[in-house]
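In this text, residue positions in the sequence shown follow full-length UniProt numbering: the first is 1, and each later residue adds one.
These are calculated hints, taken from the structure and not from any lab test.
Quick caveat: nothing in here was measured; it's all calculated off a predicted structure.
Hints should not be assumed to be uniformly reliable.
Capping the alpha-carbon separation at 25 Å, the derived lysine-lysine pairs in DSS-like fashion look like this [said to hold, decoys possible]:
hint	residue 1	residue 2
1	242	273
2	581	487
3	241	273
4	256	234
5	273	256
6	242	256
7	426	572
8	426	385
9	42	572
10	256	241
11	665	576
12	42	426
13	234	250
14	487	126
Distance windows between CB atoms, simulated [said to hold, decoys possible]:
hint	residue 1	residue 2	range
15	273	470	54 to 64 Å
16	335	441	52 to 62 Å
17	577	727	50 to 60 Å
18	795	212	34 to 44 Å
19	795	542	55 to 65 Å
20	273	441	25 to 35 Å
21	565	686	33 to 43 Å
22	251	174	52 to 62 Å
23	542	727	23 to 33 Å
24	174	341	26 to 36 Å
25	421	91	24 to 34 Å
26	91	251	25 to 35 Å
27	565	251	23 to 33 Å
Glycine is no exception: its CB is placed at the ideal position from the N, C-alpha and C atoms.
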Amino acid sequence: MTSTRDRVTDDATRHAADSHDLIRVRGARENNLKDVDVDLPKRRLTVFTGVSGSGKSSLVFGTIAAESQRMINETYPAFVQGFMPNLPRPDVDVLEGLTTAIIVDQERMGANSRSTVGTATDVNAKLRILFSRLGQPYIGSSQAFAFNIPTVRGGGAVTVEGAHGAKTERRSFTQLGGMCPRCEGMGSVTDFDLTALFDASRSLNEGALTIPNYTMDGWYGRIFRESGFFDPDKPLGEYSKKELDDLLYKEPVRIKVEGINVTYEGLVPRIQKSFLSKDREAMQPHIRAFVDRAVTFTTCPECHGTRLNETARSSTIGGVSIADACAMQISDLAQWVRGIDEPSLAPLLTSLTETLDSFVDIGLGYLSLDRPAGTLSGGEAQRTKMIRHLGSSLTDVTYVFDEPTIGLHPHDVQRMNDLLLQLRDKGNTVLVVEHKPESIEIADHVVDLGPRAGSAGGQVCFEGTVEALRRSGTLTGRHLDDRARLKDEVRTSTGAIEIRGASTHNLQDVDVDVPLGVLVVVTGVAGSGKSSLIHGSLGRRDDVVEIDQSAIRGSRRSNPATYTGLLESIRKAFAKANGVKPALFSANSEGACPACNGAGVIYTDLAMMGGVTTPCEECEGRRFQAAVLEYTLGGRNIADVLDMPVAEAEEFFAAGDARTPAAHKILDRLVDVGLGYLSLGQPLTTLSGGERQRLRLATHMGTDGGVYVLDEPTSGLHLADVEQLLALLDRLVDSGKSVVVIEHHQAVMAHADWIIDLGPGAGHDGGRVVFEGTPAALVADASTLTGEHLARYVGAGAQTR
């Protein structure tokens, strides 16, 4: 194992710049980092490599970017800081040479259901100005085209000071917004199933309301119970028409409850404001389940889903309304804007064209501006955020990227590389966490962490150039030039699932047969229709198990042990060994530390200065009562076990007094999917998309369904782990499962039994099957973009063997 002290270092790179041109990190200990020291050259592109869990994100995001953002936040007044996220100081001795850090990650874009691609990138704002200047008929300023601004008419008395004293005048005003009045700019209208809101056989005091968080003991319940609009002891089924209308639809009105002035409004408008203003995926699980049960969404019949009122839609440029423009594929919209010739608006048109071209350059030309931001994938969200920075005049900024090539076809990876280099060449420091060799190879400087994951990682194994990395002998260096080869023989299918006339999104009446009993890889550029075909058509079948990368729903207490059911076996084993109840070994039940209720931390509200989370002093963050920690299994207490990495726990539950076959079976699957480095008690909220997908896969292996659908399972995988994934996919198929993988990684393509390639392009230029057959046939054909790149890939592999 290569230690930090003995690591390979390219001295020419390390000492090329003086201390003013370096970001210096000394003694970084965030998460699994082991007193890491590293010097990063400014105004260069540095790529961080290493296996999943080696400490890359802890160093880049948890240490460097976090401290930069914390220091910037501290420059604001205390009142302003109260509205910002609280960022604790990272565990590091020295951080010097930091510049402003801009994180461009894969987190979903906000929780606001009103947010679209256009609003998130300010393109909508530019379009609104364009239509307010050139649209015919003229209807007003740019806000007249904004679907988030309502039209408001009103007036009032105004006191005017004049030469002859003060006088009062009546003045009226009109605010012309573009919001559709029927759907209030949402694009859809809601219909409530009233039976899901209340139990008509009960009174309010008997708990008639069946809405989450609307208990009679809570504040909402007290407002309804004490409003005076109805008898709280009367069953709702006996309410008069007016009483029921007041309960459900009453407009906001001020009332007194327990001597306090509060606002009362009906259940329906209150639910619309508190629940439906959020994007569905951002809702808590119990809220989302309620909304799915109680609310039906249909396209607004008045605005036809455009969110805009009739006035805003009536103003056009060359027959095109702003609603039409926002519905266009962005690549088409860019061409339309280029056709507008108006010298007085030249700066606006140039800026708008450059932004739209950036979408195309970054591989997102297939999107439309009216696409809800919450529906973008992690990779799409990251690239959309990048749009904001490509035209920025800022220099000497540190840009931090988390696997920016995720979700990109090999054809698009080069374009992403060009954009990263473009940011660097403007005088910025670019830090990239990446696994793909095509992106590692463009680095000016590489930092390789490891040598393995979790407690076996957290060290810098190498710093230097890409060529020096190849010679270094580190895990990344040894695998950098790995290329999978085409299989000598492919499996024969045992049947097929027929898909006929698929037309979801951009699919163009697609007919295709998906073979069964084999490994099928579905490929194509981003936006070609892969997900629409597989999730939209194949995923609807009862025997299909879809394993994606979406967030795993649960509380912050959820972890791999609770999610997989492993904790149940562990608790029973502890209970049997000690002759006590299993509930004692749950931090959410009887065994919880009373001081922190099993959370392990204490939250202190500091009002305007933001809250602080500190480890619980009673249990020292271990979550359990001291008495519970006296009970052991195989010499370890329950907190020790939850701190174990999966790989260590697998050995622990396979031997000695701790032998637990049920637990070992689950742990064996977790190791199988490449998650041996995760600790059993690690919060699920800290997992990446790829880790979440592999955790889901582990829970389904050998149990559910006959067809497994995986969406980019190589996300977040190190080069050395791809081979392990391929072996896992083979085992699934050999056990009788049919496996369908949506994937861009060429090693997975080369290993497939059958390939379905969609394209030829994205958006309306895609949506067709351009190839079906074996990988060897695709390479021999080489007529599609995928075939062209796969042929180059396996050709390079043949040269290195």
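Restraint status (C-alpha distance of residue 242 to residue 256 at most 25 Å): Satisfied, since the Cα-Cα distance of roughly 21 Å is no more than 25 Å.
Residue 174 versus residue 341 beta-carbon gap, inside 26 to 36 Å or not: 33 Å, holds
For the pair we were handed, residue 241 and residue 273, check the Cα-Cα distance against 25 Å. 24 Å, holds
Confirm or reject the claim that residue 421 and residue 91 have a C-beta distance inside 24 to 34 Å. 33 Å, holds
Please verify whether residue 42 and residue 572 have alpha carbons no more than 25 Å apart. Violated: residue 42 and residue 572 sit about 54 Å apart, past 25 Å.
Holds or violated: residue 426 with residue 385, Cα cutoff 25 Å? Holds: residue 426 and residue 385 sit about 18 Å apart, inside 25 Å.
Measuring from beta carbon to beta carbon, are residue 273 and residue 441 in 25 to 35 Å? Taking Cβ atoms as reference, residue 273 and residue 441 lie about 51 Å apart, which means the hint is violated.
Per the hint of 50 to 60 Å, is the separation of the Cβ atoms of residue 577 and residue 727 within bounds? Given range 50 to 60 Å: violated, Cβ gap about 35 Å.
Taking 34 to 44 Å as the stated bounds, is the beta-carbon spacing between residue 795 and residue 212 within them? 58 Å, violated
Tell me if the straight-line CA distance from residue 256 to residue 234 falls inside 25 Å. Holds, because 21 Å separates the two Cα atoms, which is no more than 25 Å.
Check the hint pairing residue 256 with residue 241 against an upper bound of 25 Å on the C-alpha distance. 24 Å, holds
So if I understand the rule, the pair passes when the alpha-carbon distance is 25 Å or less; does residue 242 with residue 273 pass? Holds, because 23 Å separates the two Cα atoms, which is no more than 25 Å.
The structure fails to meet hints 2, 7, 9, 14, 16, 17, 18, 19, 20, 21, 22, 26, 27 from the earlier list, while all remaining hints are met.
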